[in-house]
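Undergrad: Keeping the supplied structure of chain A fixed, place chain B upon it in accordance with the hints.
Line order of the protein sequences matches chains A and B. According to our numbering, the first sequence holds residues 290 to 463 in order. According to our numbering, the second sequence holds residues 290 to 463 in order.
None of these hints come from the bench; they were simulated from the model. Some clues are possibly wrong.
Repeated chains share a single entry, so a pair holds when one copy, or any two copies, can fit it.
[Claimed, not checked] Calculated lysine to any residue pairs in the SDA-like style (CA-CA distance at most 25 Å, straight line):
(1) K306 with H436
(2) K306 with V376
(3) K319 with D402
(4) K428 with A399
(5) K343 with R329
(6) K319 with H335
(7) K315 with R416
(8) K343 with E324
(9) K418 with I404
(10) K315 with G378
(11) K418 with S307
(12) K343 with T454
(13) K319 with P448
(14) K306 with E420
(15) K414 with G378
(16) K319 with F305
(17) K428 with S383
(18) K418 with G378
(19) K319 with S307
(20) K414 with D441
(21) K319 with I301
Protein chains: 2
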Amino acid sequence: MSESLKTVLGNIQQNFKSNPENASVKFESKSSLIEGFHSRAFLRHHSIDVDEPKELGGTDQGANPVELILAALGTCQEITYKAYATVLGIPLESVSVELEGDLDLQGFLALNDDIRPGYQQIRGKVRIKSEADDATLEKLREAVNAHCPVLDIISNPVPVELELTEVNRCHLAR
Amino acid sequence: MSESLKTVLGNIQQNFKSNPENASVKFESKSSLIEGFHSRAFLRHHSIDVDEPKELGGTDQGANPVELILAALGTCQEITYKAYATVLGIPLESVSVELEGDLDLQGFLALNDDIRPGYQQIRGKVRIKSEADDATLEKLREAVNAHCPVLDIISNPVPVELELTEVNRCHLAR
Numbered sequence: 290m291s292e293s294l295k296t297v298l299g300n301i302q303q304n305f306k307s308n309p310e311n312a313s314v315k316f317e318s319k320s321s322l323i324e325g326f327h328s329r330a331f332l333r334h335h336s337i338d339v340d341e342p343k344e345l346g347g348t349d350q351g352a353n354p355v356e357l358i359l360a361a362l363g364t365c366q367e368i369t370y371k372a373y374a375t376v377l378g379i380p381l382e383s384v385s386v387e388l389e390g391d392l393d394l395q396g397f398l399a400l401n402d403d404i405r406p407g408y409q410q411i412r413g414k415v416r417i418k419s420e421a422d423d424a425t426l427e428k429l430r431e432a433v434n435a436h437c438p439v440l441d442i443i444s445n446p447v448p449v450e451l452e453l454t455e456v457n458r459c460h461l462a463r
Numbered sequence: 290m291s292e293s294l295k296t297v298l299g300n301i302q303q304n305f306k307s308n309p310e311n312a313s314v315k316f317e318s319k320s321s322l323i324e325g326f327h328s329r330a331f332l333r334h335h336s337i338d339v340d341e342p343k344e345l346g347g348t349d350q351g352a353n354p355v356e357l358i359l360a361a362l363g364t365c366q367e368i369t370y371k372a373y374a375t376v377l378g379i380p381l382e383s384v385s386v387e388l389e390g391d392l393d394l395q396g397f398l399a400l401n402d403d404i405r406p407g408y409q410q411i412r413g414k415v416r417i418k419s420e421a422d423d424a425t426l427e428k429l430r431e432a433v434n435a436h437c438p439v440l441d442i443i444s445n446p447v448p449v450e451l452e453l454t455e456v457n458r459c460h461l462a463r
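Next comes chain A alone, as it looks inside the complex (with noise of 0.2 Å):
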């Protein structure tokens, strides 16, 4: 399975290195919200539903979007570490993360300008099962941190261009 893996990833990254242009892609969602604040998001053929929780107005008929945002980290960190594992030889039997954010939703509902809508700050363990020796494993570390996408797209800024346009008359793009 893993030397499967490992053909796969060497596959794809040969690919890349004869035509860098194919590694630049698009990833796409379309989503909308149905009732209340519980909306539907479309990824491929993969759909995801979004709420809030009670506390929070919400009919929590799914995780919020900030949840979400731990979901892709976690999920991403996991799926990197199995990624340079496989790729640099490194028995790897399991990986789980934990993570937790800190919000204040005085930001969010503009009851205060200093404060920040988004996280102030996430921590999280990463756990895993391993043979390898700790300094193997530290490599490992530095490798995937140095390389995770979503690791990437929260610690550092990503321009995001955003254009509202009312759908009966639009006229209102910007």
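TA: Leaving out everything else, chain B in the frame of chain A:
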């Protein structure tokens, strides 16, 4: 329905105004790699399956982590539009979001150190249906983009602290 959401949001704001310490909350995620790149994340009693598409070495049992980031941003925009429209008394019949993110996989795969592993840019369209005039909708857009938690998390740096633990030996904390 919207009137009752307005009451709920008003009560939440009033509570946090009187007791700002109640506005400091923690969100949590626990996730584990199951097989290959397939992971499952738990957010309170909700769970989300995450995987990579087959072209990236996965078995496509869910959206991938960077797609979750787009889903989080789209649904957070929708919820924030709904919340601010409700509180400000601006009519809002529907809101939906389409996003695309540019990612160069040479970054993730360590093929080019000058290329970041995360999104280089995210672009999108927010489509709303509303009877409000342009100036009112512009005011709404400004309020939303100043207070949308996930837009802040993605656009600006969030400090992330991750500790690696080897579950058998328990002495790899850092």
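Undergrad: If a hint holds in the structure, say so; if it does not, say that too.
TA: So, going through the hints one by one against the coordinates:
| no. | hint | verdict |
| --- | --- | --- |
| 1 | K306 with H436 | within (17 Å within a copy, 41 Å between copies) |
| 2 | K306 with V376 | within (15 Å within a copy, 52 Å between copies) |
| 3 | K319 with D402 | neither (31 Å within a copy, 31 Å between copies) |
| 4 | K428 with A399 | between (43 Å within a copy, 14 Å between copies) |
| 5 | K343 with R329 | both (17 Å within a copy, 24 Å between copies) |
| 6 | K319 with H335 | both (11 Å within a copy, 21 Å between copies) |
| 7 | K315 with R416 | between (31 Å within a copy, 21 Å between copies) |
| 8 | K343 with E324 | within (14 Å within a copy, 34 Å between copies) |
| 9 | K418 with I404 | neither (39 Å within a copy, 31 Å between copies) |
| 10 | K315 with G378 | neither (30 Å within a copy, 37 Å between copies) |
| 11 | K418 with S307 | neither (35 Å within a copy, 47 Å between copies) |
| 12 | K343 with T454 | neither (30 Å within a copy, 35 Å between copies) |
| 13 | K319 with P448 | within (19 Å within a copy, 28 Å between copies) |
| 14 | K306 with E420 | neither (31 Å within a copy, 52 Å between copies) |
| 15 | K414 with G378 | within (23 Å within a copy, 43 Å between copies) |
| 16 | K319 with F305 | neither (28 Å within a copy, 33 Å between copies) |
| 17 | K428 with S383 | within (17 Å within a copy, 49 Å between copies) |
| 18 | K418 with G378 | within (15 Å within a copy, 54 Å between copies) |
| 19 | K319 with S307 | neither (33 Å within a copy, 38 Å between copies) |
| 20 | K414 with D441 | both (17 Å within a copy, 24 Å between copies) |
| 21 | K319 with I301 | neither (27 Å within a copy, 30 Å between copies) |
Hints 3, 9, 10, 11, 12, 14, 16, 19 and 21 from the list above are not met by this structure, while the remaining hints are.
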